[in-house]
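Engineer: Since the structure of chain A is already known, use the hints to place chains B, C and D on it.
Chains as they are written, first to last, in this note's numbering: chain A, 64 to 533; chain B, 64 to 533; chain C, 64 to 533; chain D, 64 to 533.
The calculated lysine-lysine pairs, modelled on DSBU-like cross-linking and capped at a C-alpha distance of 35 Å, are:
1. B:Lys305 / B:Lys182
2. A:Lys212 / B:Lys219
3. D:Lys427 / B:Lys377
4. C:Lys427 / A:Lys255
5. B:Lys499 / D:Lys439
6. D:Lys255 / B:Lys377
If you are wondering where the hints come from, they were derived from the structure by calculation, not from laboratory data.
Protein chains: 4
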Amino acid sequence: MTGPEHKCGVVGIAAAYDVVSALQRSLMIIQHRGQESAGISVFDGSRIRTVKDNGLVQTALDHDSLADLRGCIGIGHVMYSTSGPQSVIDAQPFTVSSSFGSVAMSQNGDIVNYADLRKHYLSEGMSLLTDSDTELITNILVRHLAESKDPVRALKATVSETEASYALTVLINGRLFGIRDPYGLRPLCIGKLQEGHIIVSESAAIDALDGTFVRDVKPGEIVEITADDIISHGGPTDLKQKAHCMFEWVYFARPDSVIDGREVYDVRKRIGEILARESGIDVDIVIPIPDSGRAHAIGYSIQSNTPYEEGFMKNRFAERTFILPNQEDREAAVSTKMNPIRSTVEGKRLLIVDDSIVRGTTLKKLISMLREVGAKEVHVCVGSPPVIAPCYYGVDMKSRDQFIANKHSIDEICRIIGADSLNYISIDGLVEAIGKPKNELCLACVNAEYPTRIPGEKERFQSILNARFG
Amino acid sequence: MTGPEHKCGVVGIAAAYDVVSALQRSLMIIQHRGQESAGISVFDGSRIRTVKDNGLVQTALDHDSLADLRGCIGIGHVMYSTSGPQSVIDAQPFTVSSSFGSVAMSQNGDIVNYADLRKHYLSEGMSLLTDSDTELITNILVRHLAESKDPVRALKATVSETEASYALTVLINGRLFGIRDPYGLRPLCIGKLQEGHIIVSESAAIDALDGTFVRDVKPGEIVEITADDIISHGGPTDLKQKAHCMFEWVYFARPDSVIDGREVYDVRKRIGEILARESGIDVDIVIPIPDSGRAHAIGYSIQSNTPYEEGFMKNRFAERTFILPNQEDREAAVSTKMNPIRSTVEGKRLLIVDDSIVRGTTLKKLISMLREVGAKEVHVCVGSPPVIAPCYYGVDMKSRDQFIANKHSIDEICRIIGADSLNYISIDGLVEAIGKPKNELCLACVNAEYPTRIPGEKERFQSILNARFG
Amino acid sequence: MTGPEHKCGVVGIAAAYDVVSALQRSLMIIQHRGQESAGISVFDGSRIRTVKDNGLVQTALDHDSLADLRGCIGIGHVMYSTSGPQSVIDAQPFTVSSSFGSVAMSQNGDIVNYADLRKHYLSEGMSLLTDSDTELITNILVRHLAESKDPVRALKATVSETEASYALTVLINGRLFGIRDPYGLRPLCIGKLQEGHIIVSESAAIDALDGTFVRDVKPGEIVEITADDIISHGGPTDLKQKAHCMFEWVYFARPDSVIDGREVYDVRKRIGEILARESGIDVDIVIPIPDSGRAHAIGYSIQSNTPYEEGFMKNRFAERTFILPNQEDREAAVSTKMNPIRSTVEGKRLLIVDDSIVRGTTLKKLISMLREVGAKEVHVCVGSPPVIAPCYYGVDMKSRDQFIANKHSIDEICRIIGADSLNYISIDGLVEAIGKPKNELCLACVNAEYPTRIPGEKERFQSILNARFG
Amino acid sequence: MTGPEHKCGVVGIAAAYDVVSALQRSLMIIQHRGQESAGISVFDGSRIRTVKDNGLVQTALDHDSLADLRGCIGIGHVMYSTSGPQSVIDAQPFTVSSSFGSVAMSQNGDIVNYADLRKHYLSEGMSLLTDSDTELITNILVRHLAESKDPVRALKATVSETEASYALTVLINGRLFGIRDPYGLRPLCIGKLQEGHIIVSESAAIDALDGTFVRDVKPGEIVEITADDIISHGGPTDLKQKAHCMFEWVYFARPDSVIDGREVYDVRKRIGEILARESGIDVDIVIPIPDSGRAHAIGYSIQSNTPYEEGFMKNRFAERTFILPNQEDREAAVSTKMNPIRSTVEGKRLLIVDDSIVRGTTLKKLISMLREVGAKEVHVCVGSPPVIAPCYYGVDMKSRDQFIANKHSIDEICRIIGADSLNYISIDGLVEAIGKPKNELCLACVNAEYPTRIPGEKERFQSILNARFG
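Pulled out of the complex, with its shape left as it was, chain A reads as follows:
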């Protein structure tokens, strides 16, 4: 994957024992969803206490910082940030005092009507510390709590005002709720632990705690967990057509997670199989772009009966890019991250399977590296259709200008990246691989059909089409 970045993971655990360590471990499991900051809030019997900091879970939530945190019910968060290092005040869970006691919230998603909501509530005298939509939602929730004195009613009132996408875990004093937006855009599932329950972005965290997957939170549902029970408080009345984000399966989620009934690894392998069926290039070996492209490549290899090999060594120590003083250094940074394995590549006709192409710049460099060590042919298969439209639901691809497929035809892209052939999976092929009805998926980034109203989006898209095709 050489493109979009995802944002945030949430978790909540209620148990018969102190849950701080379990929250910490589950955040490490979903760390891939956000590496900018991490936090844990627990209810200690009288109030909610929060520890959060910038950095990975290992650093932000290390043994010392958690030493005094104790509680049998709590929530956690890992954050991805699009705008560089943040103040720790932006980290989540976001925790406040209210007339109803302490409230803490973790969110994954993007509130589509954030600007309108913010403007409205500021005009009503609300003050906000940050630009975070989580702070805004928390403050709205607190207002509804002051009115209704009832957590469930307050939550329902809050989400009714809030337009997609969100997966929330919310702690209101000693009660823990999990909430998923009415479209089911972002994942959220429930697990049974020994003497406890967990609500979390990805099921892999349930496995890591030796728990059992129970079910996904339903789109629009408000679920409450205790050490003993799972209580569904139903959802808002205006339930929408489901629209699960297809990119969770293609790239975001861990391969070992099961999302809305479909295991991510299996979907990716089927993507590879369908790519083999749809494109059918004759090559000597299939290689992945590590790490996310492996399952795709294995599927392709098995379906096409072409040997699978590792063609790149990925440097796990080079995750974060340095601030590099000059252009020469910046180009060298790509070589620091990936290096071809000569014995795999030399003299071979290769097929690379990548999960997606957004800009295409890294892929271009990788192909040139393969040619330098003697690849005879380099063909590319892509596990998702061309990305042409921005995402407003929590994926960091907001600027249309970055999409290579918006400016160039597939043939042009093939030439630009220097491949011998380039095949994207079809939209229908992707839908088949996911194994869900097409109308239950959000495919907006590849077909510009958004499940929610996006103010001005239709006009922008039309003007782009006009510009390109007259």
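Structural biologist: Using the frame of chain A, we list chains B, C and D on its own:
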């Protein structure tokens, strides 16, 4: 001084140039008012940006942390905390977004009706991050701003709800206000800088910036400063009887500051003179408890024609006490802070002048140290009357139990601390030294007469009197 | 791989331009050889300046810390430490002033006669700051430099006293030398850069700098590089029989590195092929233990015509283990690191290919995790023979007690780890896979035949044999 | 005092209990001798362990960093550095392993023949990490230890090679030695503690530990202390004429310390008295430059029967100067440190007593500040004669160019600093105040007569005289 600790200092500067460096320097000048955290907020033309952190100004606001802060108008704060190391979220200025733009606030004081205000606003749906009264006032201000759309009216509405004591500097987008409570409990004054103006807790900061003292902010007054002007917006309609805190002159403020027309050094020297007149002990030399007792001792020395000498060496590197593993170490810590100078003390009849006695424990240790190096007699004069009642206006003496004068007669205290004689200044003597009408001073801690209503205070005080005197 | 940890990587670069950034990047490429500390020394025209710190290259050698370092010739080091967090004084390069100017040294290896050398030189009046063998060698070199005034002669004299294993890069003022021990135990190779040369532990670093591999440093050779030239100064006269460490290919080195003529990935794939030939288990799929076991499994898959699948998700954020408060937490830590992929595993007869077994504890846990998600059979193939003897040449397996193969037969190990079958590659199979004459390899850890004299080793080994077999 | 900075303080304690806390406290007492770094070494029964870091004792040796340090015998050090922030490797004690076990050393002073010694030993094959003379002496000591196997003989051999000035505490395994140079240039004294002994730079540390002063270490003496005993091992045979640094009494040492029999406060007060006798200016009040000038001013006040007042408020939070972006800011920095007290100064004829003048720049600024607040006359008395010659014995006044008295007559200096009159104490007056024979004092900085040979010094001085007086 061996007792109360003060809290917080505020500043605001508007000028024709970048004020960050001037704010930083002025905070260093009032650093004695709070060493727990420090912060600066400036308006950069479009919004308010804040840098704040735990620690001294030198550390919290060092060159690196201020590198990107620029603005011609801004406020600052140093905080004293009674409850140990705080989260940086408690540091000030407290800065929020509102319907009216950015708002930042620095406060020195203690809101007497904080609990009631908090309860009221939480019940109206407000959410609060901290237990800080500054956050609460800021949020109340933002509500009033949303209603009236007028900073001055919103400020008036806010302070009308807020009962003593406070000295505030407030930044509302690019406008800077200084506000003092209607009693004038905490100091706040205005200075003219080259092409600018400053509002600050103590006039010494004006000197340090090579500025000119203009006047004190009047009790209850709202003053606005710009680079060119000082605009008085008047105060709330319910102006109270003045009640300046006498401890600012006795102990809190810098000797070189002038507060409400009286220079602190001069007040202290007159306290010493009056002590000499009132007590008239015959001794060989007068020595101060450094650093705060020097002016008192000099006054005593001059009035009584007794030589002034330095009798203690104070270790300026031992300000903060270590976490010490055992009792032996803790006692040794006092010796780390102060050491008698033998040639001054040996064989002499000494008079120590201290500014106040709260608990008496440190003074007891100091007297025993003097006797160990050969003092013949040790007499004590105290520059403030016996402290018997708690302060609700921003001085850290809230617990009645800590006051030795509440449990013991002066003779008993003299025996407890091991002195040959003990004389406190009279209340009238103190008033004379300050040089203001008695009814314009807050003397609550020495006579239990509070300028504001303190819920339940009268009853508590009566029951104490009953317990002591039947 | 579930066992031995390797230690240290070295690099040296001479070029026509500032080499700091290239040193930093090359250390990131060999970061897997040591994550405890990192350092860079460059000659700035008059003296050697060193920056080093604990932590990964990204942290220890970040942009700020290197800001003032400049030089066209320099060396670097990454360190693995067996004894937890070290003082930064132990980090390398080790840099000193001498009669001959500045000397800096980076080392990978273990000096067998360290204790004797240390004792000897201390008795001659040497003082040592640390227990590091690098400090000792540097000080010995400085003595020889003072005598001979000739860097090459001094280096030869130094290595003559020093018994295996070592790969060194040494900076003597502006001259840069690479030295490999006479057995060739640890790797060291030479590359050509644009207007420069590099000496480095692994060839992958040459690729990352867009350089060209030139050749390995010969066992016992002293090589000097400049921006323009590679000069061989020959080696010590007593050249030994080659003894390349087989574990470099099996586990330590990056798959994309070429060591003494054999690419690591290719050796591992051949190990997999030979394992398939030697063991020939009939299973449904082959899965690796990621990341190091992938090439082995691919080789097995291709040779046995069994599908290759990913069976575990490895959490790249869980590298370092937390200090965990209780046993329950510690066991959970393994689940944090690895999670089975259900669709791959469920109902399948699996073959795991791991590179080596030292203790067997992690493998046991992994097998039980596979069974929990429904594996029908779990067979194990191991890419190296049973480890039975300690390493004295730089691999962290010094304690004989840790080797499960020293206490149990293969059948017993199979039962202990809970596998359905267990097959190790034969020693001859491993030799064939590496593709070098058996007598040019160090196989001491699997056959107890050490290339150097190890004081007391023969007796210890005999007593163990006696204990086990009578 | 507006001039020279001193360097370093040393301590050693042997007791029947753990001495870490006592070492830490005693370093806080002598913190004024060096604020750059701090360190403690203790012998734990088998080896010496050292904790040291940059910063004040409170930071560098805080509770956490000392948590694991335990031992009944140990040494400590505080360092002043002339060359800005140092690597922690330069911090002391300097600790090494040797043939004789562990050796740690703390030093106060400057080795006059450092360059020659360094050159000699490097040529013999020694390697050095730093430019610190302490590292060199330690390494020389280790060489002698390896030869003689006798700590006392090795120490004697070492100091025989080492030319003034030094006060050392040395730990050789479990034995603790204190050594003072043959001239007695830097102070070092011995105290009795409860079940222990202490050797330390200043006697104030003995007081702070509730100990009893025993005696000064004699010039050239090697003293050993244990929990029970003080053992004198005599000194080198070539005992020199005593030459105690006069600046210790005038400025460096704490007023409460007694050095070579004379209390510092008392010497300073007598300096003030003699100044009054010698100069006899008629003024209204005498004010000190705080903090170091207070005793001088008190002496003047008493002798001349002129009232003593505090004329400046010194900001104890402004010790370290900021890196200030522009000239305007840098000038403002002086005002941040000192502010005149108006009621003291206005309309008065003042006499300032300062301890010394080196450059005169700060004094000039202070006098102008006094005039700005209305001083009628400002006269200056200086407690030491004009400084005209560099110090080679540990005081940071090495560059002749910085001395204003080297370029200007006293009248000129008076005009430059803007005073109404300027009087220095005479050399004989200073000698009288110190109360020791003139030939037992080092007065080199005021009369250019050095107790040791300084290569080239005589010629340099002559050429300066020639230049000035033809």
